[in-house]
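Enquirer: Sequence:
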Amino acid sequence: MRYSQLLIPTLKEVPSEAEVVSHVLLLRGGFIRKLTAGIYTYLPLGLMAIRKVEQIVREEMNRAGAQEVLMPMVQPADLWMETGRYKKYGPELLRFHDRHERESCLGPTHEEVITDIARKELHSYRDLPVNLYQIQTKFRDEIRPRFGLMRGREFIMKDAYSFDVDDAGAEVSYRKMYDAYRRIFTRCGLDFRAVQADSGAIGGNFSHEFMVLAKTGEDTIVICDSCDFAANKEKAAVVLRPAAEGEPLRVMAKVETPGKRKVETVCEFLGIGPEALVKTMVYKADGVPVAVLLRGDREVEEVKLKNLLGVADVELAGEQEVFDATRVPTGYLGPVGLSLRLVVDQEVAAMRNFTVGANEKNHHLQNVNLGRDFQVEAVGDLRRITVDDPCPQCGGRLALTEGIEVGHVFKLGTGYSQSMNATFQDSDGQGKHFVMGCYGIGVSRVVAAAIEQNHDEHGIVFPVPLAPFTVIVLNLGGKDETLCELAESLYGKLQAAGLEVLLDDRDERPGLKFKDADLLGIPYRVTVGNSYTKSGKVEVRRRRDGVVEELTPEETVTFLVERIGAELKK
RNA sequence: CGGGGCAUAGCGCAGCCUGGUUAGCGCGCCUGCCUUGGGAGCAGGAGGUCGCAGGUUCGAAUCCUGCUGCCCCGACCA
Numbered sequence: 001m002r003y004s005q006l007l008i009p010t011l012k013e014v015p016s017e018a019e020v021v022s023h024v025l026l027l028r029g030g031f032i033r034k035l036t037a038g039i040y041t042y043l044p045l046g047l048m049a050i051r052k053v054e055q056i057v058r059e060e061m062n063r064a065g066a067q068e069v070l071m072p073m074v075q076p077a078d079l080w081m082e083t084g085r086y087k088k089y090g091p092e093l094l095r096f097h098d099r100h101e102r103e104s105c106l107g108p109t110h111e112e113v114i115t116d117i118a119r120k121e122l123h124s125y126r127d128l129p130v131n132l133y134q135i136q137t138k139f140r141d142e143i144r145p146r147f148g149l150m151r152g153r154e155f156i157m158k159d160a161y162s163f164d165v166d167d168a169g170a171e172v173s174y175r176k177m178y179d180a181y182r183r184i185f186t187r188c189g190l191d192f193r194a195v196q197a198d199s200g201a202i203g204g205n206f207s208h209e210f211m212v213l214a215k216t217g218e219d220t221i222v223i224c225d226s227c228d229f230a231a232n233k234e235k236a237a238v239v240l241r242p243a244a245e246g247e248p249l250r251v252m253a254k255v256e257t258p259g260k261r262k263v264e265t266v267c268e269f270l271g272i273g274p275e276a277l278v279k280t281m282v283y284k285a286d287g288v289p290v291a292v293l294l295r296g297d298r299e300v301e302e303v304k305l306k307n308l309l310g311v312a313d314v315e316l317a318g319e320q321e322v323f324d325a326t327r328v329p330t331g332y333l334g335p336v337g338l339s340l341r342l343v344v345d346q347e348v349a350a351m352r353n354f355t356v357g358a359n360e361k362n363h364h365l366q367n368v369n370l371g372r373d374f375q376v377e378a379v380g381d382l383r384r385i386t387v388d389d390p391c392p393q394c395g396g397r398l399a400l401t402e403g404i405e406v407g408h409v410f411k412l413g414t415g416y417s418q419s420m421n422a423t424f425q426d427s428d429g430q431g432k433h434f435v436m437g438c439y440g441i442g443v444s445r446v447v448a449a450a451i452e453q454n455h456d457e458h459g460i461v462f463p464v465p466l467a468p469f470t471v472i473v474l475n476l477g478g479k480d481e482t483l484c485e486l487a488e489s490l491y492g493k494l495q496a497a498g499l500e501v502l503l504d505d506r507d508e509r510p511g512l513k514f515k516d517a518d519l520l521g522i523p524y525r526v527t528v529g530n531s532y533t534k535s536g537k538v539e540v541r542r543r544r545d546g547v548v549e550e551l552t553p554e555e556t557v558t559f560l561v562e563r564i565g566a567e568l569k570k
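If you read the first sequence in this note's numbering, its first letter stands for residue 1, the second for the next number, and so on.
It is worth saying that the hints were derived from the structure and are not from the lab.
Backbone N, C-alpha and C define an ideal beta-carbon position, used for all residues, glycine too.
Since no wrong hints were added, every one of them can be taken at face value.
Think about it this way: if two alpha-carbon atoms lie no more than 25 angstroms apart in a straight line, the pair counts; the simulated DMTMM-like pairs of lysine to aspartate or glutamate are:
no. : residue 1 : residue 2
1   : K88       : E321
2   : K570      : E555
3   : K284      : E321
4   : K34       : E154
5   : K284      : E315
6   : K87       : E315
7   : K87       : E321
8   : K12       : E457
9   : K254      : D373
10  : K537      : E562
11  : K537      : D480
12  : K361      : E275
13  : K515      : E488
14  : K233      : D286
15  : K306      : D388
16  : K233      : D179
17  : K361      : E299
18  : K306      : D198
19  : K88       : E154
20  : K306      : D381
21  : K493      : E508
22  : K215      : D198
23  : K515      : E550
24  : K284      : D297
25  : K479      : D507
26  : K215      : E142
27  : K493      : E555
DEER-style ranges, computed between Cβ atoms:
no. : residue 1 : residue 2 : range
28  : P44       : E218      : 26 to 34 angstroms
29  : A399      : R95       : 36 to 44 angstroms
30  : E218      : D456      : 17 to 25 angstroms
31  : N421      : A378      : 30 to 38 angstroms
Construct the entire structure; sequences and hints are all you get.
Expert: This is the structure in structure tokens:
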């Protein structure tokens, strides 16, 4: 295509609204424009990049045996009431009424709709397994949309849903998707990790997130440097190290700690380390207060707490809520004599003679011991993993790193098929619930993630498979007819050779064309200028590393076809 | 939802504290000349409900009140 005929409104200056590099470069390169918070228009170049990702996703999904469909974005509330999610989903679900006052919502995800299709259209075990997917705009009214395409309210997602006769089948479907995802992100040219993720109530090891490694990632992942263990931080199991044996149980004693409420100040006042203190935190588990015990220097991993308690949501209680539930001011809470549900981290269960709040203002208890001085409802792994913990798989050293979640595969089980009564007739004549899986890819986020991972001070450095164009031909000929004709013929020949070429035919000075070409991140640049007049060769430059080849026009075509072909095959 | 910040030309900003003619600057845009290998130069020009609504005042971009929008941080440690 011709630059002069494309809308590519590049910006010289950094728009004030943008913070992260992908957002800045997408705006500066004229790929996107914001309409309102978290909602963007994809301009021609932005859409081309999106389409590249979509095409790779489509090819790999089809190859894995999935079938493409397209479901409605507007969905009736009734369906969501069947699964109970109309209430549970919260304010992220955008609800509205149509002219007939029917309650509706914009689809943030499509389990309900697809399960409805399944129960209506899939009747026999002979119809299974089935995997249906779509690439579609989703709407989620995020608490805080940010970072451009990274966390938008409206975004493009590929979502797939598998239906199987039983768990074994579902696990095969899951594995197929897992493998397809690996191929997709590899083909996109991304540096990514598949990490274990929280699988909530379903349990088992059937939830993986695909994380693009980048500092701006909103997730933290844990990677082992000596085995293949990789997990989302919220999922990573903490290995309980054996407690030091032998310390005799001492007599519990109340001490005065006037005005000392924080772990730090209590420890300082008592002359102990935070690892000798146990803090008591009150959470609201689906609204019900629950006390959680944790070593003084540890942090709660809320996802683990949620799973241990078997609730949908946990939230730290406020000071007033804590007082209402316990009649104790925050800072002096403790497990002894507390009348709340009580769960403890496994580490605490192994401790002896620790210090806790006395449930009385300005007092703490020392030499407290679980079992002797108080009882608990449950013990489990509740704390956030740290780099000092060993790898749960091999005991090796762990590293924490940031990642951008671009994909998630998840075994759903029969939760949706049961609540929506979606069954098929099995070979034994019995009606059974579908065993489901769901698989998502943030298509628009992939573009942002790719840029987070591939850029330099001049602009984007697109991986070849995602680049809107793989070659840009700069016509620096000005009024020189020979050069203009050469640029035109090269443009034609490269296109005829099957490459996606952008011809910068604008009546602009060379400097500006170079700057724009760099900013747009097109992998290969061909410069037709006065060096050709001198030597009969044009300059072919690779965006990624600036490596330059001086080639004749004929050589240029074969060189680029070969290079780009090789990079697409990877 | 809590905290902080911002809102003046397409973009980036100044002016506001200390109210006073016609609201500025850079980039971009238009016209012409000139130039053509890293965001050129010269000349001329267009473009503004100063976010919205009230209020104070002889007079408001500027002071006050309310609202809206956007951005950032947080919504996990008692």
